[in-house]
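Student: One letter stands for each residue in the lines below.
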Amino acid sequence: NAGVTQTPKFQVLKTGQSMTLQCAQDMNHNSMYWYRQDPGMGLRLIYYSASEGTTDKGEVPNGYNVSRLNKREFSLRLESAAPSQTSVYFCASKWVYEQYFGPGTRLTVT
Amino acid sequence: AQSVTQLGSHVSVSEGALVLLRCNYSSSVPPYLFWYVQYPNQGLQLLLKYTTGATLVKGINGFEAEFKKSETSFHLTKPSAHMSDAAEYFCTMLNAGGTSYGKLTFGQGTILTVHP
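Top to bottom, those sequences are chains X and Z.
All letters in the first sequence, in the order written, are residues 1 to 110 by the working numbering.
All letters in the second sequence, in the order written, are residues 1001 to 1116 by the working numbering.
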């Protein structure tokens, strides 16, 4: 039981490049989330998916898109990366009240 | 609007001393509150949670927190700090109503340093 997995662990992009962050969970949870973590700001919600086939914007969705491919997988896409998107990205899934977090992707945009 | 405020971005204690990390919340509905811990370069791990019932909740690694509705607080404590407690701690609130249903609101985080 791997829990929540994320790939890649690290990534460096140039401004304007695109990439997709992958997230998968093997706990059969319906809800999944993407957060970004910046120093002194806690975690901020980018997008979430309450169930397979649905996605909704969170607090900071601009510059991102998501896909809930199936119940297990929830990907986050940066179409044209900007330096302001340099951050650590966490995926999470939820069961009842508790969210389970992946190990994170550290993204740097130069 | 619902919010979570952690008082103090950095807390430093000596090994064996009391740990007290402060958290206040604002919510228009009864809150569900959580403390998460993040060790360096890792994801977040749930320490403890308050949903309903007993207001003093115990978590892993000897931590506990007390929900005080009158003070809108959910402070995290541990009687005796250990070097391994050094980490960043996040107080969070689950939005249990309205358009934000099911989403977590995070505090800004408190970095705990433990000195020998």
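Bear in mind the hints are in silico, worked out from the structure with no lab data behind them.
Even for Gly, the Cβ is constructed at its ideal location relative to N, Cα and C.
Just so you know, not all the hints are guaranteed correct.
[Stated by the list, open to error] Chain X residues, not near chain Z, derived (Cβ > 10 Å throughout):
{"no.": "1", "residue": "Val4"}
{"no.": "2", "residue": "Thr7"}
{"no.": "3", "residue": "Thr15"}
{"no.": "4", "residue": "Ser18"}
{"no.": "5", "residue": "Ser31"}
{"no.": "6", "residue": "Thr55"}
{"no.": "7", "residue": "Gly58"}
{"no.": "8", "residue": "Val60"}
{"no.": "9", "residue": "Ser67"}
{"no.": "10", "residue": "Thr86"}
{"no.": "11", "residue": "Gln99"}
{"no.": "12", "residue": "Leu107"}
[Stated by the list, open to error] Keeping only pairs whose Cα atoms sit at most 30 Å apart, straight-line, the calculated BS3-like set for lysine-lysine is:
{"no.": "13", "chain 1": "X", "residue 1": "Lys71", "chain 2": "Z", "residue 2": "Lys1049"}
{"no.": "14", "chain 1": "Z", "residue 1": "Lys1049", "chain 2": "X", "residue 2": "Lys57"}
{"no.": "15", "chain 1": "X", "residue 1": "Lys71", "chain 2": "X", "residue 2": "Lys57"}
{"no.": "16", "chain 1": "Z", "residue 1": "Lys1068", "chain 2": "Z", "residue 2": "Lys1058"}
{"no.": "17", "chain 1": "X", "residue 1": "Lys14", "chain 2": "X", "residue 2": "Lys57"}
{"no.": "18", "chain 1": "Z", "residue 1": "Lys1049", "chain 2": "Z", "residue 2": "Lys1069"}
{"no.": "19", "chain 1": "X", "residue 1": "Lys9", "chain 2": "X", "residue 2": "Lys57"}
{"no.": "20", "chain 1": "X", "residue 1": "Lys71", "chain 2": "X", "residue 2": "Lys9"}
{"no.": "21", "chain 1": "Z", "residue 1": "Lys1049", "chain 2": "X", "residue 2": "Lys9"}
Student: According to the definition I'm using, a residue is off the interface if its beta carbon is farther than 10 Å from all beta carbons of the partner; does Thr86 (chain X) meet that for chain Z?
Tutor: 16 Å, holds
Student: Closest CB-CB distance from Ser18 (chain X) to chain Z, is it above 10 Å?
Tutor: Label holds. Min Cβ-Cβ 25 Å, cutoff 10 Å.
Student: Is Thr7 (chain X) truly not at the interface, in the sense that its beta carbon sits beyond 10 Å from all beta carbons of chain Z?
Tutor: The claim holds: Thr7 (chain X) sits with its nearest Cβ about 14 Å from chain Z, beyond 10 Å.
Student: Going straight from one Cα to the other, do Lys71 (chain X) and Lys57 (chain X) come out at no more than 30 Å?
Tutor: 18 Å, holds
Student: Keeping to a limit of 30 Å between CA atoms, is the pair of Lys1068 (chain Z) and Lys1058 (chain Z) held or broken?
Tutor: 15 Å, holds
Student: Was Ser31 (chain X) rightly flagged as not at the interface, with every chain Z Cβ beyond 10 Å?
Tutor: 6 Å, violated
Student: When you look at the beta carbon of Leu107 (chain X), is every beta carbon of chain Z farther off than 10 Å?
Tutor: The claim stands: Leu107 (chain X) keeps its Cβ more than 10 Å from every Cβ of chain Z (closest is about 14 Å).
Student: For Gln99 (chain X), is the shortest CB-to-CB distance to chain Z above 10 Å, so the non-interface label stands?
Tutor: 6 Å, violated
Student: Is it true that the CA of Lys71 (chain X) sits at most 30 Å from the CA of Lys1049 (chain Z)?
Tutor: 26 Å, holds
Student: Can the restraint linking Lys1049 (chain Z) and Lys57 (chain X) be considered satisfied, given a maximum Cα separation of 30 Å?
Tutor: 26 Å, holds
Student: Would you check whether the claim that Gly58 (chain X) is not at the interface survives, using Cβ distances to chain Z and the 10 Å cut-off?
Tutor: Incorrect as stated: the minimum Cβ-Cβ distance to chain Z is 7 Å, not above 10 Å.
Student: When you check the alpha-carbon spacing of Lys71 (chain X) and Lys9 (chain X), does it fall within 30 Å?
Tutor: 22 Å, holds
In summary, the structure is inconsistent with hints 1, 5, 7 and 11 from the numbered list given earlier, while agreeing with the others.
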